[in-house]
Each structure stands twice: as C-alpha cells, then as structure tokens.
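Kindly generate the complete structure, drawing on both the sequences and the hints.
Going down the list, the protein sequences come from chains A and B.
Numbering follows full-length UniProt numbering, with no gaps: position 186 of the first sequence is 186.
Numbering follows full-length UniProt numbering, with no gaps: position 260 of the second sequence is 260.
Among the hints, a few may not be true.
It does not matter which identical chain is used: a pair holds within one copy or between any two.
[Stated by the list, open to error] Here are the simulated DSS-like pairs of lysine-lysine, each with C-alpha atoms no more than 25 angstroms apart in a straight line:
(1) Lys21 <-> Lys350
(2) Lys11 <-> Lys220
(3) Lys306 <-> Lys192
(4) Lys21 <-> Lys273
(5) Lys61 <-> Lys183
(6) Lys190 <-> Lys220
Bear in mind the hints are in silico, worked out from the structure with no lab data behind them.
Owing to the predicted nature of the structure, the values given are computational and were not obtained by experimental measurement.
2 protein chains.
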Amino acid sequence: MSFLEQLKKVKEASLKLMHLKSEVKNDLLKQIAENLDKNRNRIKNENAKDLAEGEKAGLSKALMDRLLLNDKRIDAMINGVMDIVNQDDPVGVVEKGYKRPNGLKIYKVRVPIGVIGIIYESRPNVTVDAAALCLKSGNAAVLRGGKEAVNSNRILGEIIQEAIVNNGLMKETVLVIEDSERKLIYDMLKAKGYIDLIVPRGGEGLIQFVTENSLIPIVKHDKGLCHVYIDKDADIDKAVKIAFNAKVQRPGVCNAMETLLIHKDVAEVVLPKLKDEYEKAGVELRGCELTKSVIDVIPATEDDWKTEYLDLILSIKVVGCIDEAIEHINRYGSSHSEAIVTENYTVAQKFLDEVDAAAVYVNASTRFTDGAEFGLGAEIGISTQKLHCRGPMGAYDLTTTKYIIYGDGHIRK
Amino acid sequence: MSFLEQLKKVKEASLKLMHLKSEVKNDLLKQIAENLDKNRNRIKNENAKDLAEGEKAGLSKALMDRLLLNDKRIDAMINGVMDIVNQDDPVGVVEKGYKRPNGLKIYKVRVPIGVIGIIYESRPNVTVDAAALCLKSGNAAVLRGGKEAVNSNRILGEIIQEAIVNNGLMKETVLVIEDSERKLIYDMLKAKGYIDLIVPRGGEGLIQFVTENSLIPIVKHDKGLCHVYIDKDADIDKAVKIAFNAKVQRPGVCNAMETLLIHKDVAEVVLPKLKDEYEKAGVELRGCELTKSVIDVIPATEDDWKTEYLDLILSIKVVGCIDEAIEHINRYGSSHSEAIVTENYTVAQKFLDEVDAAAVYVNASTRFTDGAEFGLGAEIGISTQKLHCRGPMGAYDLTTTKYIIYGDGHIRK
Numbered sequence: 001m002s003f004l005e006q007l008k009k010v011k012e013a014s015l016k017l018m019h020l021k022s023e024v025k026n027d028l029l030k031q032i033a034e035n036l037d038k039n040r041n042r043i044k045n046e047n048a049k050d051l052a053e054g055e056k057a058g059l060s061k062a063l064m065d066r067l068l069l070n071d072k073r074i075d076a077m078i079n080g081v082m083d084i085v086n087q088d089d090p091v092g093v094v095e096k097g098y099k100r101p102n103g104l105k106i107y108k109v110r111v112p113i114g115v116i117g118i119i120y121e122s123r124p125n126v127t128v129d130a131a132a133l134c135l136k137s138g139n140a141a142v143l144r145g146g147k148e149a150v151n152s153n154r155i156l157g158e159i160i161q162e163a164i165v166n167n168g169l170m171k172e173t174v175l176v177i178e179d180s181e182r183k184l185i186y187d188m189l190k191a192k193g194y195i196d197l198i199v200p201r202g203g204e205g206l207i208q209f210v211t212e213n214s215l216i217p218i219v220k221h222d223k224g225l226c227h228v229y230i231d232k233d234a235d236i237d238k239a240v241k242i243a244f245n246a247k248v249q250r251p252g253v254c255n256a257m258e259t260l261l262i263h264k265d266v267a268e269v270v271l272p273k274l275k276d277e278y279e280k281a282g283v284e285l286r287g288c289e290l291t292k293s294v295i296d297v298i299p300a301t302e303d304d305w306k307t308e309y310l311d312l313i314l315s316i317k318v319v320g321c322i323d324e325a326i327e328h329i330n331r332y333g334s335s336h337s338e339a340i341v342t343e344n345y346t347v348a349q350k351f352l353d354e355v356d357a358a359a360v361y362v363n364a365s366t367r368f369t370d371g372a373e374f375g376l377g378a379e380i381g382i383s384t385q386k387l388h389c390r391g392p393m394g395a396y397d398l399t400t401t402k403y404i405i406y407g408d409g410h411i412r413k
Numbered sequence: 001m002s003f004l005e006q007l008k009k010v011k012e013a014s015l016k017l018m019h020l021k022s023e024v025k026n027d028l029l030k031q032i033a034e035n036l037d038k039n040r041n042r043i044k045n046e047n048a049k050d051l052a053e054g055e056k057a058g059l060s061k062a063l064m065d066r067l068l069l070n071d072k073r074i075d076a077m078i079n080g081v082m083d084i085v086n087q088d089d090p091v092g093v094v095e096k097g098y099k100r101p102n103g104l105k106i107y108k109v110r111v112p113i114g115v116i117g118i119i120y121e122s123r124p125n126v127t128v129d130a131a132a133l134c135l136k137s138g139n140a141a142v143l144r145g146g147k148e149a150v151n152s153n154r155i156l157g158e159i160i161q162e163a164i165v166n167n168g169l170m171k172e173t174v175l176v177i178e179d180s181e182r183k184l185i186y187d188m189l190k191a192k193g194y195i196d197l198i199v200p201r202g203g204e205g206l207i208q209f210v211t212e213n214s215l216i217p218i219v220k221h222d223k224g225l226c227h228v229y230i231d232k233d234a235d236i237d238k239a240v241k242i243a244f245n246a247k248v249q250r251p252g253v254c255n256a257m258e259t260l261l262i263h264k265d266v267a268e269v270v271l272p273k274l275k276d277e278y279e280k281a282g283v284e285l286r287g288c289e290l291t292k293s294v295i296d297v298i299p300a301t302e303d304d305w306k307t308e309y310l311d312l313i314l315s316i317k318v319v320g321c322i323d324e325a326i327e328h329i330n331r332y333g334s335s336h337s338e339a340i341v342t343e344n345y346t347v348a349q350k351f352l353d354e355v356d357a358a359a360v361y362v363n364a365s366t367r368f369t370d371g372a373e374f375g376l377g378a379e380i381g382i383s384t385q386k387l388h389c390r391g392p393m394g395a396y397d398l399t400t401t402k403y404i405i406y407g408d409g410h411i412r413k
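Spelled out as structure tokens, the structure:
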C-alpha cells in the first residue's frame with residue numbers, strides 16, 4: 001500500500017473514532033497498558049537491536065540513554081497510559097450554549113481534530129505517550145519517530161495495534177511509520193485533507209524544515225529561552241533559591257532559566273551569594289559589564305542573550321529598572337516561561353501584564369511549566385506558538401470545536 | 001523606511017496595545033467612528049478615483065459595486081465600529097483558575113495575540129472592520145487590501161491612524177500597506193517574529209499562495225461546500241422551506257447550500273415541489289440517476305459533488321439511508337455548514353455526532369453560520385480550518401492565552 005493509501009485508511013479510521021464513548025476509549029487504553037506489560041520481552045529484544053546499532057554508530061552516552069527501554073521505563077510507559085485513562089475526556093464538553101432571540105439553540109462543543117501527525121526524535125516512549133493522548137482525545141495518529149529507535153517504535157506500534165484491532169477498530173487508527181532521511185516527513189507535510197495537525201518535537205533543524213514545508217497547520221514545540229528577574233524589592237532568600245533552582249535543577253530542558261536579570265540596587269547583595277551556589281554546582285557564569293564590576297565572570301556578548309544553552313551555563317545582566325527587564329525579556333525571550341522575584345505588589349502586576357509569554361511567574365521557578373505540574377495531565381509537549389494552544393499541550397488541546405444548532409424549520413430572512 | 005523596519009514598529013506598537021484598558025480601546029474606536037463621519041467627503045473623493053480606475057480597467061458590475069463607498073456604506077462602517085465598541089472585551093477573561101496541592105495559584109487568562117496580518121480583496125469596508133476588531137482585541141494590524149481599492153484603503157488607513165495618534169498611540173498600530181502584485185504579501189508571510197497570525201480572505205488562488213508560502217500560522221477562510229439532507233422522517237413543509245432558503249436566499253456566499261441530499265422514500269413527494277419553487281427562482285438543477293427518474297434535470301457528474309457554485313445552480317443526490325448521506329458529506333463537504341431536516345430524534349443525534357463540520361444543524365438553514373446570527377458580534381471571516389478557531393471568527397478568536405502563576409518562593413523538587 002502506498003503512503004497516501006495508508007493515510008486514506010487513517011482518515012477513515014479517524015471518522016469512526018470521533019464519536020466513541022469515553023468508556024470504550026478507556027477500555028482500549030487499559031488494554032494497551034496490559035499488552036505492554038505482557039510483551040516486555042518482545043519490547044526489550046527489539047530495543048536491544050536499536051542499542052546495538054546505536055553502539056556501532058557511536059551514539060553519545062546521552063543519546064544511548066534516551067534510547068534505552070528497561071523494565072523501569074516500561075513501567076513508566078504503562079503508568080503514563082493509566083494516568084491518561086484517569087484523566088477527563090475533553091470530547092463532548094460544552095464550552096457554551098445559548099438560545100438566540102429567534103429560538104435557535106446553539107451549542108459550542110469540543111470534538112476531536114481528526115488525524116494528528118507527530119514527528120519526534122530518539123526517545124521511543126513518546127510513541128506510547130502520543131498514541132495514548134491521541135486515542136483519549138478521539139484522534140487517529142500518524143507517528144514518525146527517530147530512525148535510531150526504529151525497531152523499538154515498530155514493536156510498540158504493533159503492540160498498540162493489537163489492542164486496537166482487538167477492540168474492533170481499524171488498525172490504521174495508530175500508524176507508526178518508518179522513515180529514512182525525511183522522505184515521509186515531507187509527504188506528511190503535504191498530505192492536506194488527510195492529516196489535520198502536525199506536531200513537530202525536536203531540534204531547530206527539524207522545526208525549521210517542518211515550518212518551511214508544511215501545508216498543514218502545525219503546533220510547534222520550539223526552544224525555551226527563559227529569564228528570572230530579581231527585583232530591587234525581592235526577598236533575597238527566595239531570589240537565591242529560585243534563581244538556583246531555575247538554572248540547576250534540570251538544565252537540559254526548555255523551562256530552565258538561561259539568563260538572569262537583576263536590579264542594580266540588589267546586585268551587590270545577591271550576586272556574590274548566587275556565585276557561591278552556582279560555582280558549587282559547576283555553573284559557568286557570563287555577565288554584562290555591571291555584573292563584572294560586582295563578581296568575577298566571563299564577559300557576556302550580544303550572542304549570549306540569544307542563546308538557549310540547555311547546559312550549566314548562565315548569562316547575567318544587571319538592569320536599572322523593571323521596564324528595562326521587561327524590554328529585555330520581550331526582545332530576547334522565546335515567550336516560554338518568565339519569572340519575577342519581588343515583594344512589591346505593583347511591580348509584580350506590571351510584570352504579569354507586560355511580559356508576553358506562555359507562562360509568567362511571580363516568586364516561583366520557571367521549571368513548573370509542565371502539564372503534570374499544572375495539573376493538566378500528560379502533555380504532548382509545550383507549545384511555543386500563540387495559535388491554537390500555548391504552553392503545556394494536553395488531550396484538551398488535541399480537540400477543536402463544533403457548533404451544534406437545533407432549529408424548528410428556521411430560515412434566514 | 002523599509003517594510004521590515006515598518007513591521008518592527010508595528011511589533012513595538014503591539015506591545016503597548018496589549019495591556020490597554022477596555023475603556024481606552026473603546027474611546028479610540030468611538031473616535032474612529034467619529035472621524036469616518038467627519039471625513040465623508042475625503043473618503044468619497046478617494047473612492048471616486050478607484051471607481052474611475054475600475055471603469056477604465058473594465059471591472060465587472062459586481063466588482064464595481066463591491067468597490068463603491070457611498071453615504072449608506074459609510075454609515076454601515078460607522079455602525080459596525082460602534083457594534084464592536086458595545087461587544088465584550090475578550091482580553092483579561094480568566095478561562096480557568098485553581099490552586100495546586102503545593103499552593104501555586106494558576107490562572108489561564110486571555111491575552112491579545114500581538115500582530116495580525118490580514119490579506120483581503122476588493123471591498124474597502126474590510127479595512128475598517130478588520131482594524132476595529134484587531135484594536136478591540138488589543139492587537140496591532142497589518143492590512144493588505146485589494147489593489148483596485150488602493151485609494152479608498154489609503155484614506156481609510158489615514159483616518160484610522162489620525163484617531164490612533166490622537167490617543168497617544170504609535171501610528172503603526174494599524175498599518176495599511178499598498179502592494180502591486182503579491183510582493184508585500186510574500187514579505188508578510190516570511191516576517192516570522194513580527195507578525196503572529198495571518199488571516200487570508202479571498203479566492204482559492206490567494207489561499208493557496210498563502211498556504212504554500214507562509215512561515216507564520218494562518219487561519220484560512222476557504223470555501224463552503226454545504227449540504228442539506230432531507231431525511232425520510234422529515235416534515236415536508238420544513239424541508240421545502242429550508243432547502244429553498246439555503247440555496248436561494250443569497251447564493252453567492254459560503255454558507256449557501258451547493259448539494260441537496262434526499263432520502264429515496266421521500267424523493268417522489270419532495271422533489272417535484274422543490275423543482276417548482278427552484279424553477280420560479282431561476283435555479284439550474286443537476287441530479288443523479290435516481291433524481292432523474294423523479295424529475296427532469298441535467299445529469300450530475302462526479303465534478304458536481306465537488307463544486308462550490310456560489311450561484312443559482314444546485315446538484316441533487318438521492319441516498320438510500322442516513323449513513324450514505326453522512327458519508328457523502330464527510331467525503332465531499334468542506335466542513336463548513338451541514339444541515340439535516342428530520343423529525344426523528346435518533347437520526348438527528350447521529351447526524352450531529354458523525355458529520356465533521358464547523359456548524360451542524362437540525363431543521364434550520366445553513367445560512368445562519370455567521371458571527372452576528374450566532375450572537376458573537378462582528379466577524380473577521382469564517383474559519384474553515386480546525387486549528388485555533390472554527391466557524392465564525394470574532395474578537396475572541398483574535399486572542400490567545402497566558403498562564404499567570406502566583407508563588408511564594410516555590411522551587412521544583
């Protein structure tokens with residue numbers, strides 16, 4: 001079957017999936033969890049092939065670790081699916097309803113989007129997470145994982161499809177595809193009418209390729225260039241704790257801080273304390289001229305303000321006022337997560353109002369931007385765009401709306 | 001100033017606009033309405049130039065009519081702006097708010113998108129509608145109208161900017177651009193980081209050009225291939241009235257019916273009645289084999305099921321059951337507006353559940369899909385895509401969300 005013929009089947013499957021009851025979808029998800037549990041050896045055997053290939057290809061330790069599926073990680077996948085079972089079904093929720101003066105009853109109801117294409121790299125557990133979130137929200141899925149994980153993704157796809165077929169649905173409800181280079185990604189991006197939404201998760205190269213080639217709407221999961229601003233009225237203890245946490249707790253993720261902004265009036269008190277803490281944790285510090293006049297750091301360049309290090313590196317800038325901090329953030333930030341530390345009510349409200357980002361914090365670490373931390377359930381990623389959804393993207397965001405109108409012979413005058 | 005430098009100014013203007021109070025935005029809109037009233041002669045003089053050019057270029061009567069701005073149409077523009085003043089401000093609405101177990105208070109709040117680029121054809125009144133809706137929702141706007149209306153659009157842009165500057169805002173808050181061919185459209189589509197959303201309104205050629213070239217998210221206002229299905233349990237009077245209204249009341253718009261589906265058990269009763277009515281109204285009928293066995297019509301081809309006539313032409317298909325009707329609609333429809341006429345409760349619910357469209361009706365004409373008819377206020381168009389918004393697109397849909405999080409020194413464990 002050609003890829004386009006397969007996509008036609010996926011579209012057909014999506015129409016059957018759209019109006020399934022929550023109970024039926026949850027039973028299917030439970031069976032996927034059971035199948036994963038029963039097939040641990042099949043999974044580990046196939047994963048071993050990917051690991052062996054990765055070893056041969058000389059993949060880095062970090063990449064090899066991402067590839068690995070052991071019992072602990074299979075447990076995590078199973079628990080992930082069961083968490084999704086226990087979430088509310090977003091489909092069928094009535095967003096609003098009213099009666100018009102002419103008697104028409106209008107309801108705006110959440111419905112599945114249709115077919116979701118997800119493009120991701122390396123980690124094979126995404127195959128299970130993404131399939132489960134799509135099924136929960138009544139969508140069919142086309143999953144294109146990284147080529148390093150091709151054997152692992154194939155077996156996970158088979159296990160998911162076995163449960164799907166067992167529940168009387170078309171096996172193309174979840175289609176895991178195998179791609180070398182970007183041939184099938186390209187075909188996906190042109191498959192208007194078959195795929196309704198593309199979610200790319202990965203590095204800048206992938207995101208750019210998808211943005212430039214897609215004829216289908218996309219929700220991007222791009223970079224996070226996040227700031228913490230320590231105001232002159234900050235509680236110093238909170239400031240040090242938050243600035244340390246935002247950089248060090250998990251530096252390789254998109255909601256970690258990359259640039260620290262600090263008001264000139266507290267720079268001399270806060271920076272030496274932070275320097276001690278950061279140095280113990282092995283953080284490299286790069287600072288502006290004013291920072292350098294307080295602590296000994298590497299000089300920061302214009303490029304540093306634009307860089308998402310994803311590493312134990314931090315750029316520091318001393319600012320003269322809240323406006324300068326907000327301007328810097330709106331100019332260099334990636335509109336992901338931004339925090340202020342202050343005890344000043346008016347300054348806090350100003351920051352919340354004027355910073356343009358998916359998540360804006362007062363006196364908390366940027367690290368909380370996450371579906372589970374926000375109480376939204378599992379996430380398929382964090383949207384860095386403003387259209388459709390912004391911030392953690394869960395099952396709710398894999399739905400759209402439909403107007404349902406009850407009339408009684410109404411015609412337009 | 002280069003176009004990119006102008007766009008930088010628009011972006012700067014949008015940041016100032018984001019957190020304006022509703023009162024301030026409404027005062028500005030009222031002043032725009034007053035300025036339009038005071039400058040009727042300036043508008044009509046500039047419009048006369050476009051009309052003269054149009055005459056020379058041999059524009060069709062319909063196009064010339066769309067171009068015309070007389071006092072009645074200036075009144076309509078003024079009333080449109082005042083209607084938008086009286087609508088609720090979508091900015092600042094809290095969609096949900098809750099406290100997490102760790103004490104973090106999280107609010108999901110509606111905020112402006114930023115800079116909206118709107119690309120439209122011929123009718124100059126769109127310049128005023130679009131600017132007013134963008135301002136109401138706190139967005140800056142880049143407006144690219146049709147080249148036939150260049151003088152009218154320029155003067156309307158000046159009148160809007162005079163009010164903007166008078167209110168202490170940057171004149172680039174609304175930028176009306178003049179474009180020959182599609183040079184500036186192309187530049188708009190590549191202006192990632194300056195424009196946040198592109199709304200194309202126009203023919204298939206324009207929509208395709210925008211879809212293929214845009215690096216910026218778009219909300220499309222594409223075609224409407226709408227159906228009415230008359231079920232075997234339909235009330236015959238309602239069926240005839242609705243099928244007539246959906247085709248004839250205003251055939252040139254996207255929510256008009258293009259194909260009538262009818263259950264075989266009622267075809268012999270309904271079709272002759274409808275044929276009489278349609279013929280009086282000058283509607284050309286094209287039908288399937290079964291239709292032809294009941295009434296005398298031109299044979300319909302496969303192409304007819306795919307065609308948005310926007311004219312007094314109707315294709316008719318007799319179907320054997322509700323499933324066949326739903327399948328036809330999901331296959332050939334453009335997911336815009338679809339209606340069933342039936343007194344059967346279960347069949348009605350099945351149609352509502354299984355038809356995949358922005359608006360699905362029971363016993364009402366498809367012609368109601370419209371911002372004002374739905375009670376949503378003025379619309380910038382009708383979205384035919386599933387992402388971000390679906391159906392009539394008003395001020396609410398020109399906003400996105402932002403998470404606001406209040407902590408007390410919270411760090412991630």
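Hint by hint, here is what the structure shows:
Taking the shortest Cα distances, Lys21 and Lys350 sit within 25 angstroms of each other only across copies (13 angstroms), while inside one copy they are farther apart (45 angstroms). Both within a single protomer and between protomers do Lys11 and Lys220 lie at most 25 angstroms apart by alpha-carbon distance, with minima of 22 angstroms and 21 angstroms respectively. When the C-alpha separation of Lys306 and Lys192 is checked against a cutoff of 25 angstroms, the pair qualifies only between copies, where the shortest distance is 16 angstroms, while the shortest distance within a copy is 35 angstroms. Taking CA atoms no more than 25 angstroms apart as the test, Lys21 paired with Lys273 passes in neither setting, with 57 angstroms inside one copy and 41 angstroms between copies.
Taking CA atoms no more than 25 angstroms apart as the test, Lys61 paired with Lys183 passes in neither setting, with 28 angstroms inside one copy and 49 angstroms between copies. With identical chains, the CA atoms of Lys190 and Lys220 are at most 25 angstroms apart both within one copy (17 angstroms) and between copies (17 angstroms).
Of the numbered hints given earlier, the model fails hints 4 and 5; all others are met.
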